[in-house]
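Asks: Each chain, written out:
There are 2 protein chains.
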Amino acid sequence: MNRLYHVPLSPFCRKVRLTLAEKRIEVELVEERYWEQQPDFLRRNPAGKVPVLRMESRLMSESQAICEWLEEAYPSPALMPRDVDARYEVRRLCNWFDDKFHNEVTSKLLYERVNRKVQGTGYPDSKAVKFGASRIKYHLDYMAWLLDQRRWLAGDSMTLADFAAAAHLSCLDYISDVDWNRHAVVKDWYVKLKSRPSFRTLLADQVPGFTQPGHYADLDF
Amino acid sequence: MNRLYHVPLSPFCRKVRLTLAEKRIEVELVEERYWEQQPDFLRRNPAGKVPVLRMESRLMSESQAICEWLEEAYPSPALMPRDVDARYEVRRLCNWFDDKFHNEVTSKLLYERVNRKVQGTGYPDSKAVKFGASRIKYHLDYMAWLLDQRRWLAGDSMTLADFAAAAHLSCLDYISDVDWNRHAVVKDWYVKLKSRPSFRTLLADQVPGFTQPGHYADLDF
Numbered sequence: 001m002n003r004l005y006h007v008p009l010s011p012f013c014r015k016v017r018l019t020l021a022e023k024r025i026e027v028e029l030v031e032e033r034y035w036e037q038q039p040d041f042l043r044r045n046p047a048g049k050v051p052v053l054r055m056e057s058r059l060m061s062e063s064q065a066i067c068e069w070l071e072e073a074y075p076s077p078a079l080m081p082r083d084v085d086a087r088y089e090v091r092r093l094c095n096w097f098d099d100k101f102h103n104e105v106t107s108k109l110l111y112e113r114v115n116r117k118v119q120g121t122g123y124p125d126s127k128a129v130k131f132g133a134s135r136i137k138y139h140l141d142y143m144a145w146l147l148d149q150r151r152w153l154a155g156d157s158m159t160l161a162d163f164a165a166a167a168h169l170s171c172l173d174y175i176s177d178v179d180w181n182r183h184a185v186v187k188d189w190y191v192k193l194k195s196r197p198s199f200r201t202l203l204a205d206q207v208p209g210f211t212q213p214g215h216y217a218d219l220d221f
Numbered sequence: 001m002n003r004l005y006h007v008p009l010s011p012f013c014r015k016v017r018l019t020l021a022e023k024r025i026e027v028e029l030v031e032e033r034y035w036e037q038q039p040d041f042l043r044r045n046p047a048g049k050v051p052v053l054r055m056e057s058r059l060m061s062e063s064q065a066i067c068e069w070l071e072e073a074y075p076s077p078a079l080m081p082r083d084v085d086a087r088y089e090v091r092r093l094c095n096w097f098d099d100k101f102h103n104e105v106t107s108k109l110l111y112e113r114v115n116r117k118v119q120g121t122g123y124p125d126s127k128a129v130k131f132g133a134s135r136i137k138y139h140l141d142y143m144a145w146l147l148d149q150r151r152w153l154a155g156d157s158m159t160l161a162d163f164a165a166a167a168h169l170s171c172l173d174y175i176s177d178v179d180w181n182r183h184a185v186v187k188d189w190y191v192k193l194k195s196r197p198s199f200r201t202l203l204a205d206q207v208p209g210f211t212q213p214g215h216y217a218d219l220d221f
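Quick note, the sequences are listed as chains D and S, same order.
At position 19 of the first sequence the residue is numbered 19 (the UniProt record's numbering), and the sequence of numbers has no breaks.
At position 27 of the second sequence the residue is numbered 27 (the UniProt record's numbering), and the sequence of numbers has no breaks.
Check before you lean on any hint, since a few could be wrong.
A pair holds if it fits inside one copy or across any two, identical chains being indistinguishable in the list.
As the list claims (entries may be wrong) - Below are the EDC-like pairs computed for lysine to aspartate or glutamate, each with C-alpha atoms no more than 20 Å apart in a straight line:
| hint | residue 1 | residue 2 |
| --- | --- | --- |
| 1 | K137 | E28 |
| 2 | K187 | E71 |
| 3 | K192 | D141 |
| 4 | K127 | E26 |
| 5 | K23 | D85 |
| 6 | K192 | D179 |
| 7 | K100 | D141 |
| 8 | K100 | E36 |
| 9 | K117 | D218 |
| 10 | K187 | D218 |
| 11 | K192 | E36 |
| 12 | K49 | D99 |
Since the hints were made in silico from the structure, they are not lab data.
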């Protein structure tokens, strides 16, 4: 059986979970308290991070490398366009969310509010939270600007870039940190993604100590 | 004329410079003081980072997305293997260096010692420098372990993974922060890369206020 070592509110794990589900690859989800750095886990991934995907005898880490592998090994349905310039745009946006959005928003809101409590590393830094809450607006504006010109974030088809973005936003939505009323076009885009069968597993996540807000799993929020 | 907006001691810019040179694509190098966030530069890249590559009418950012684009648009010489599993390993290692090595080593040594002075953001944090100096040993050991089993970092051919690693190490070598005597196999790998014509532009770099050490450009160091 394929296995994904993950934590529920990790955007990188969620990107991989969405990709696996879209490609109809079944995996057993195993929660991994990666911050405890158990020797068994470090053997599976010397970088000490989740996600780690076990597919037959392969052990894979690094979410973007995993998603690119899944796209090449299981090409249907395609989550990358064929055109070289369009593929660049998908990768640029994956990196935008996994690097810039992650550093400015996810790490400042989710990691401060949730990970600190779960991992027992103290109280949220209110300056960081304030910074994240201000930066997410800029990113939502950027998404609205893209979606005014395109059906999906990277172009006219749904790609890994949409999953990268939705993975971060869905984690933040779990702690009610996304203002969906800021841009109708961004909300519409999220409704389309949230309604896909691949999203169901994410909407069922429960994190002890953090109750799922009512709107989180609601398709008509 | 193609143009690369860069700074000399940026590992991300160096990875792109090596890829361009291996593919014999000529570019004009333009130094960009990205930390000043000039409006003209932000128009070229809203993420406000280097490298930014202008190829005809295209403006591209995010070093890994650029390198993958270059590989797809200019397939020869190949810097990625054809096999799906081997391609995964290249991407995993690119991310290892650009994320883990970058966070643990490059940002702690190079950014503290050089970028702070150049950008006028104060003195090096000695705790960070100490941490980086200790972590680089672990990474050199990991590279030696890989190179004991393989001719190049990701397998038996030279790939983007070698350039990602060499880009970081060459920046650190400019400030004499790499102990090449730790593992003969790592030094041999670096000698092979350093001797390539594509490396010449990196070895000619000069950063005001930081004199190039004697061994830096020496092929027989």
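Asks: A separate judgement is required for each hint: does it hold in the structure or not?
Replies: Evaluation of the provided hints:
1. K137 <-> E28: neither (36 Å within a copy, 36 Å between copies)
2. K187 <-> E71: neither (27 Å within a copy, 35 Å between copies)
3. K192 <-> D141: within (19 Å within a copy, 47 Å between copies)
4. K127 <-> E26: Neither way: K127 and E26 sit 41 Å apart in one copy and 45 Å across, limit 20 Å.
5. K23 <-> D85: between (23 Å within a copy, 18 Å between copies)
6. K192 <-> D179: Answer is within: at 17 Å inside a copy they meet the 20 Å cutoff, but 53 Å across does not.
7. K100 <-> D141: within (15 Å within a copy, 30 Å between copies)
8. K100 <-> E36: So K100 and E36 pass the 20 Å test across copies only (18 Å; inside, 26 Å).
9. K117 <-> D218: Classified as neither: same-chain Cα gap 26 Å, cross-chain 51 Å, threshold 20 Å.
10. K187 <-> D218: Result: close within a single copy only, 13 Å intra versus 57 Å inter.
11. K192 <-> E36: For K192 and E36, the Cα distance exceeds 20 Å both inside one copy (37 Å) and across copies (39 Å).
12. K49 <-> D99: both (15 Å within a copy, 12 Å between copies)
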